[in-house]
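Colleague: Protein sequences, first through last, are from chains L and C.
Residue numbers 149 to 415, in my numbering, belong to the letters of the first sequence in order.
Residue numbers 149 to 415, in my numbering, belong to the letters of the second sequence in order.
None of these hints come from the bench; they were simulated from the model.
Keep in mind the model is a prediction, meaning the values are calculated, not measured.
Incorrect hints may appear among the rest.
Treat identical chains as interchangeable: a pair holds within one or across any two.
[As the list claims (entries may be wrong)] Cut-off 20 Å, straight-line C-alpha distance, at most; resulting in silico cross-link-like pairs (EDC-like, lysine to aspartate or glutamate):
| id | residue 1 | residue 2 |
| --- | --- | --- |
| 1 | 394 | 157 |
| 2 | 393 | 379 |
| 3 | 189 | 156 |
| 4 | 206 | 261 |
| 5 | 415 | 261 |
| 6 | 415 | 356 |
| 7 | 164 | 379 |
There are 2 protein chains.
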Amino acid sequence: MDILVTFDENYIPPFKTMLKSLMINNPKQNTTFWLIHDGIKETQLQNLIDFCLSYGAKFEHICISKNYFDDAKITKRYPQSMYYRLLAPLILPETLNKILYLDPDILIINKLDSLWKTEFPEGKFYAAASHAIVGNITSSINKIRLDTDHSYFNTGVILMNLTKARKIVDADEIIKTVNKSRDIELILPDQDIFNTMYGKYTLEIPDELYNYDARFYPAYLLNSANKHDLDWIISNTCILHFCGKKKPWLSQGYNIFTSLYKYFMYK
Amino acid sequence: MDILVTFDENYIPPFKTMLKSLMINNPKQNTTFWLIHDGIKETQLQNLIDFCLSYGAKFEHICISKNYFDDAKITKRYPQSMYYRLLAPLILPETLNKILYLDPDILIINKLDSLWKTEFPEGKFYAAASHAIVGNITSSINKIRLDTDHSYFNTGVILMNLTKARKIVDADEIIKTVNKSRDIELILPDQDIFNTMYGKYTLEIPDELYNYDARFYPAYLLNSANKHDLDWIISNTCILHFCGKKKPWLSQGYNIFTSLYKYFMYK
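Kindly generate the complete structure, drawing on both the sequences and the hints.
Modeller: So this is what it looks like as structure tokens:
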């Protein structure tokens, strides 16, 4: 299994938590983590290689020296590195046919096999989930806002069919769109761009399995007529996503999954 | 490390959760689980042997055929098997010098080495924690109620120095006290008896480390001037005890540790 991550140095600690949870709950896999970054220090990279090795995983990194996104919306919360997932099909080696992009604010609590084996229908090369039902921005508002007719996808988890993506994804188009975006009202810069450019090429996968928004347990429970209770989630959900500003590693308030997060964090 | 458990068939599922959490967080130990019971079926016992083996632990069982406690308070919540911990020093083989008794409604989330290596001062042969600060029955009420001058100990976790205990613990005295107890107002039958008979021989150990009452996160936080927050607990506490009637395996309401419990339950 190949996992793609794109973060700056601030996100190394949560990445390590994510990696531990992935490897502990998906042992005996041939797993490689691919990091696309723009200047993480050599000592930190070596530390990441060793850390991955200690969990039986490989670590590869690709440094982007060129500054593609000079004019883009870049803040502490939205660093340049977040746009690299858009360019991934063009940056990653041609030998890779498939990769699973994961945000670092994630916990893997079950086997990823079912997600990894997802079949892409004709015309689709990404697979992602929508938080429409439980999210605080409804799908219909986003459809109007971005003028699209598909679901509004969360880009924290994207399964990428790289072979198919390479035929469509165009670097110049991405760079132009990202740089142009500073003039437009974007709520979540990279996610809005992903949805506008690639929403139509994206297969929708169930968020309650592959991108569960950990803030909204009561909403998931209600929307599933009590089916998706804690027992169901812990035995079925693969990916818990700690979306939003309040991050569990910063001790900023608790939700029902915080103790589980901290367990992997301190393990 | 030797672990003592005493349960009936109803408690096999939570015992398995406890065992998983113990073995996962205390790997590479030479661990044996000792079960004292009064009639768990042969097929169930074989299943428990296999289950322990799959986690690298040994399983030994001692069946009590004699009905010691005919007249004792026995209900579904308080089965006869709960009294076996009182007789443990006399029932367990003489070759064992030390054992850690654990209730099955427990999660082990860190290494038990510090507890296991506890030194017993002169005159003490048990080590247990009190829930006085956070519990719903205060220590002072229990002292008056049971006419003792020591802490009221929770008997969910007891480290036993068997060599020392064998010199004091007397089977006839236990049986007489337990059988007599049906005439007295006991709130928690076995725990009251333990405290009355052996409280004075018991070394107090910190509950926030070795017998954390999972119902009372806010009380622990308050009583520690915010020191014992979730980060502290997850990195320091060895034993989380899911006390009280609402058990996490029965989906009866949630506390801050329920997701962690369910993770080990379904693992």
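Colleague: All hints, please: hold or fail.
Modeller: Quick rundown of the hints versus the structure:
1. 394 - 157: within (19 Å within a copy, 43 Å between copies)
2. 393 - 379: between (26 Å within a copy, 19 Å between copies)
3. 189 - 156: within (10 Å within a copy, 57 Å between copies)
4. 206 - 261: within (18 Å within a copy, 32 Å between copies)
5. 415 - 261: between (24 Å within a copy, 16 Å between copies)
6. 415 - 356: between (25 Å within a copy, 19 Å between copies)
7. 164 - 379: Between copies only: 16 Å across chains, 26 Å inside a chain, cut-off 20 Å.
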